[in-house]
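Residue numbers (my numbering), protein chains in the order written: chain A, 595 to 821; chain B, 2 to 634.
Derived by calculation from the structure, the hints in this document are not laboratory data. Positions of the beta carbon are idealized from the N, C-alpha and C atoms, including for glycine. Hints may be right or wrong, so weigh each one.
Stretches of chain B that chain A covers, calculated by requiring three or more beta carbons in the stretch to come under 8 Å of a beta carbon on chain A [claimed, not checked]:
id: 1; region: 139-149
id: 2; region: 315-328
id: 3; region: 502-516
id: 4; region: 531-539
id: 5; region: 549-557
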Amino acid sequence: MITFKMNNLEVSAEEGWTILETAKFFGLEIPTLCHNDGLSEYGGCRLCLVEIGEGPRAKLVSSCTYPVEEGLVVHTDTTRVIKARRMMLELMLSTAPGSKKIQDLASKFGLTHQRFKPRDEECVYCGLCVRICDEQMDARAIGFQNRGHNRKISTPFDARSEVCRLCGACMYICPACSLRCQGPAADTDICNACLTMEPTCLEEYDELQCWMYDAGRCGTCVQEKGK
Amino acid sequence: MKTPAKIKTVKALEKVIQTQQRLRKADKRQVLTVSAGTCGQARGSLKVIDALNASIKKAKLQQKVKVRVTGCHGFCEAEPNIIIHPHDLFYQKVAPTHAEAIIGQTIKQKKTLPNLLYKDPVTGKTASREQAIPFYKKQQRIVLGDNALIDPTEIDDYFAVGGYGALIKALTSMTPEKVIGEVKASGLRGRGGAGFPTGVKWELARRQKDATKYIICNADEGDPGAYMDRSLLEGNPHRVLEGMMIGAYAIGATEGYIYVRDEYPLAVKHVTLAIEKLKKLGLVGTNILGAGFSFEFHIAKGAGAFVCGEETAMIASIEGRVGEPRQRPPFPAVKGLFGKPTIINNVETWGTVPLIINKGAKWFAKIGTDGSKGTKIFSLVGKINNTGLVEVPMGISLREIIYDIGGGIPGGKKFKAVQTGGPSGGCLPKSKLDLPIDYESLTKAGSIMGSGGMIVMDEKTCMVDIAKYFLNFLRDESCGKCVSCREGTQRMWEIVRDISEGKGKEGDIELLEELAQAVKDASMCGLGQTAANPVLSTLRYFKDEFEAHLKDKRCPAGVCINLIRYFVLPEKCTGCLACKKSCPTDAIQGVLKGVHIIDLAKCIKCGACLEACKFEAVETQRDEAIVIMEGAK
């Protein structure tokens, strides 16, 4: 067992656990986007950032990729962490404003305005589709192309893939292109319809236990019902 | 004596080294050392060599004169240059047409050719010897110096300067732990940029129990304007290989990779030749020199991705995966290439190791400052008189490098900033000129040591434009894994581009600052964590320029083309027609000896007229002159 400090609490974790796993185990909430329990860790969305270390050497790391170490000092919710997470959300929102998952996260973090030029790309390059195709479907039909601002996800040579079985796993797991935000002006801006729900109803509440006693106002549960 | 076919024992190698050293001493021939690194070749040194050989043949001096083709001597401004031994004459900017005179007069009649001597652009004084040239005076060329003594394709030349002596010393009289102890005591820190203590890293790898370990030489030098690793690998490949072998012995590695970018064909060629030669002599393979140490070299050629200079991305690239960094820990020293402990060091770091083993940690630790030991090679480029590679002791001030070694700014212009550390570094202003160069003080000032790029900028450089340039480089070179780096560099570039085009909005600077901080904080690897430096440092020291672009829609340096207008100063214009002839769009009207006028509607702001004008009559951005122009309409 490895013991270390998380949010000033002494915690112990199995060797090989990540900070994120440990946090989850102890009920500490860390937002994630590119993490999925069934896939390898990627560390691309930078939402699960936590602060490790103390004093001037303290730094931010992605908790999903950082293995726990003896004597580590972790803070999951410092101002620095929240600020960086919000900026990551703002960046993702500016490229994929239609994503319900990102819009929900934005609301959760109280992000009310977005300062970059919107670019509706429907992809935040989290790599979930690439990983599920490879690791769970054993197909490797899609992958990343190019780098930096030219990055995109596609099949080799952009040609129809022979190994793709059209299983749809990539679409199922996509946080950006599958479930669209139906709120006001979500295509260009921040919808914030869920902002009034605190904590947001998404994970914690169903229709009967709606926080606002006003089920349906934010639109989330309406969609759920429609299924 | 010829070097034997195989060198199987320590004694045999010692003998070879001694013989080569003796042979060189006994060689009374005059030597013409021609620098022919990539830079020299670009300036025509190969033709000079041909011409020299032809002249020697013509004068029938083959037995008395030898032409040694070496790597870079560092003084790029003077390329192609020749050093003549034993007189130590330094001839600069030699052309093939000079060959006859060099052989006929200097070699035969021992007469100096004054037109080929170095002439100080400031004082006008000439210097005949290398050490008399201000460019070399303040340098301490312990790593690069041997470049001028060695033909990089000849291992015998390396033996002649005592090469592979450090390997013998390490293998015969030192335990691996002692080698690591020596490197630790020397205070050597990684020359690739981050400055991690080399010995500490080696120790970590040494402690791993794995039977297979690797070492990697990082020659993926991708900073614009930096080429010190290329020059060392081209000019003295055996020095780097020797360093790697010592490192491998110290940590217990059996295989080493040299990750070199394919854009360095000469470096690839020379290092390949060097490895082949070692193989032929039996100096790599199993049980080297009978000392029980086995080692193999491999060359991995990179395709030019800047991010592959990052340790974990480089490992991924060698393994055949996409060059993307991963989270550290586990550090490569614990779990690196193919999952085995791996030590990655920069070319210069490996090249310094043999020196430390040869001359001792104490000698090395005497050079430099408390925290940063030894010398560092910088590539001094940009708006500077003496462009070139300079090797200086740590702790020297920027002013000494730029003014004493670099010879100041050409054209009598004023110094504005110096950019250190490549695209991930920062721009330091005039007030930081007396900053001593070491890892900590550069970081504190908002820049980094980096691998040693040093770009000097004069008053005609626009800092917004510079920030835009580096951001453009970084948004291309970011691997794109992290949102912070991929989107962050893209968005920072967009904001700075808008500002430079006069489309900036209120709040842009604040947003830029906030975003830059987030990119620095949130990114996974070194590229992302330093990607904000060009923005943060220019904003820190040159905020007024950003504000001028944003608020007044004015580019003070006259660079950003959306914000400037070209015009002719009537009081200075002589009516020579030079600018008119240079204009590609016929935008300049005027007759001989009459003041010219630039038609702003036709002008594409290419700057050709500014270059063409000999009377400084073409200007950009001067408010009263614009009034004159508009009044004339």
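Checklist entry - With a Cβ-Cβ cutoff of 8 Å, does the region 531-539 of chain B contain at least three residues near chain A? => result violated (count 0)
Item to check | Coverage assertion for the region 502-516 of chain B with respect to chain A, Cβ distance below 8 Å, three residues required | outcome: holds (count 4)
Next on the checklist: For the region 549-557 of chain B, count the residues whose Cβ lies under 8 Å from any Cβ of chain A; is that count three or more?
Outcome noted: violated (count 0)
Item to check | Proximity test - 8 Å, beta-carbon atoms, the region 139-149 of chain B to chain A, at least three hits | outcome: That given contact is violated, which follows from only 0 residues of the region 139-149 of chain B lying within Cβ reach (below 8 Å) of chain A.
Item to check | Proximity test - 8 Å, beta-carbon atoms, the region 315-328 of chain B to chain A, at least three hits | outcome: Holds: 3 residues of the region 315-328 of chain B have a Cβ under 8 Å from chain A.
The structure fails to meet hints 1, 4, 5 from the earlier list, while all remaining hints are met.
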